[in-house]
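Same order as they appear, the protein sequences are chains G and Y.
In terms of our numbering, the first sequence opens at residue 1 and continues consecutively.
In terms of our numbering, the second sequence opens at residue 1 and continues consecutively.
None of these hints come from the bench; they were simulated from the model.
C-beta atoms are modelled at their ideal positions from N, C-alpha and C, and glycine is treated no differently.
Any given hint might turn out to be false.
[Stated by the list, open to error] Covered stretches of chain G, going by a simulated chain Y footprint (3 or more residues, C-beta under 8 Å): (1) 8–22; (2) 94–107; (3) 261–274.
Spelled out from the first residue to the last, the chains are:
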Amino acid sequence: MSLVADLRDSRELLVNLTRREVKGKYKRTALGQLWSLANPLAQMLIFTVVFSFIIRMEPDPGDPSGLDIFALWLMCALLPWTFFTAVVNGGMGALVGNENLIKKVYFPRSTLVVASTFSATYQWSIEMVVLAAVLVLVGSQLFVWLPLVIVFMVLLACFSLGIAFMLSVANVYFRDTQHFVAILLQIWFYLTPIVYPVRLVAEQSASIGPLFGSVTLLDLYELNPMGRFAEVFRNLMYDNRWPELGDTVACAVWSVAALLIGAWVFNRHTERLAEVL
Amino acid sequence: MSPAAVSVENVSKSFRIYHERNQTLKAAVMRRRRSQYEEFWALRDVALEIPEASTFALVGDNGSGKSTLLKCLAKILFPTEGRVVTRGRMAALLEVGSGFHPELSGRDNIYLNGSILGMKRPEIDRKFDEIVAFSGVERFIDQPVKNYSSGMYVRLGFSVAIHVEPEILLVDEVLAVGDAAFQEKCAEKFATFKREGRTVVVVSHSMPSLRAMADHAAWLEHGVLKEAGPAAGVLERYLDSTHSDVQIDEQGRVRWGSGEARVRDVEVISEHGGATLRSGDEAIVRIHFDAKEPVEKPVFGLAIETSDGTYLWASNTRDAGLSVDRISGRGSVDCRLPSLALQPGTFVVLASIVDSTTTHTYDYLRDAGRFSVDHGPVRESGGPMALQPRWSGVRSGVERA
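Between the sequences and the hints, there should be enough to build the whole structure, so can you do that?
If you want it as structure tokens, here you go:
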């Protein structure tokens, strides 16, 4: 596919565009890169107070790690989620925000979306390193699982990039997309087991019984790819065990499918971007 | 003929003009389909070849499609029909500095912009000092570019772009950036490009600079290729067409202007009154005019071209420091050339009378006169110029190998 060839030929440009995003973001702030940790920390505090202290959500302790700390349990799923939203939002703005460049210079347009994904990945990696350090401090046997964590990080990055490819093009044609997606992401957040365990959904589903045929609420709920990713990251980092095969396969399939469709959509429209913008 | 650097093969480009543009989902849903539009053909079946190592001018009125064509060459736009084949690395100077990030330093932006234009890191490393020196922003190179003056910003952008050293360079009206000294540097750089056998495609409205630079040209009118070929002929005919009051007078000469005063004739006389002019002679170019109405502060202009249309020289009374208060009726004005630096051949004189701001043309007469030059005391072997060389001082065996 020409997209792959384009990207391979412009590695240099990708690196530079990514540096532009990373370096430009916190320029002229006293704390600089530290700000990138402020946001997850604030979210952790808020959600922990609301869902652990006030609502008294009690997820099962990590099995076999034995960890029982709500804040860390939360972060294992929250960080992948914030990464996903960062890629989607960044990718959506990448084409529209670089209108000037696209109209004046030829270069592979996909680099803009990919660079925005890379800069989000960079950020996420720092966050994950901090989280991993804390997990190890409190006794998680994380080290053995690190290679798998990285594999799933790559898969999630592919999935997010695929979605970002599609939405970046959609946003060029319809600027409504970004507002629509902002709402969609809020709903999606609560449809994903981040602030509550899947167990609660499973209990509800069992009490309701099959909805139609043999399809239960849980089956519908598990269609959500982000839910699968949240489970996998929690299994690996918090529980320290193999993720379920179903989740693993779902993650892989969703990632490959999203990336292929996203790249195809993007490829089809890339030539007309300068005209439509 | 040398192989074409760029082949434009029957390129057409249409744009959709939306009657009511839907960029909102609501509008699209309401109408059930993507809104109504009209096709507008910015380019229609344009076929031309841009020869390698040529300086190729694209001319035409506003809206003639020349910028669209340039963008098609640059792969920013894609033709609706037909295709563009390019041979060699290409860089486009459509807008300089458009990829700069305001918060990053000049240094970072050189790397960023360079890689957008397709340079690799070692290449930028190698050219870095040259780029900075050319732009003249050495002292501020580690400052964020948002603190740059607009001149510095543009100079840095231009400098990066021009150091890409493409085989094919596309330029759109950006020749007029920076101060006189910087423009000088740019002109030099373009000349170097040309000498190195690179192809330059330029879109400009500045006829004098095009005439000086270009050797091939294409003229577009309403998206249709009107003419393509050697620059001199194409540019001349384009220029003639742009004057709506262009006339052919009784002697078959092309002229335009409002006509209050007219050039009747131009004579070129040698100092000794003889019929033949020789290289190095003192010559007088005499413009005979007829001012039917009194004209205040006119400016007389002269230009010389070779018989095949190469633009050689021009001068006018305002720039030369002669102010004429007022003319009325018939008269003449002389321009004295102390040493005619032309080699044997036939030359064409163009003459004009314009107002003191040189924006209003009373009369512009192409082919106002012709004259022939014979060889002077020293024969020179080629080209239009006669520099009267004096060879001397053979120093042989002074330098040891």
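These are the hints, each one checked on the structure:
Against chain Y, the stretch 8–22 of chain G contributes 8 residues with a C-beta closer than 8 Å to a partner C-beta. That satisfies the three-residue criterion, and the hint holds. Taking a C-beta to C-beta cut-off of 8 Å, the stretch 94–107 of chain G contributes 8 residues in contact with chain Y, enough for the three needed, and the coverage statement holds. Against chain Y, the stretch 261–274 of chain G contributes 3 residues with a C-beta closer than 8 Å to a partner C-beta. That satisfies the three-residue criterion, and the hint holds.
In the structure shown, no violation is registered for any of the earlier numbered hints.
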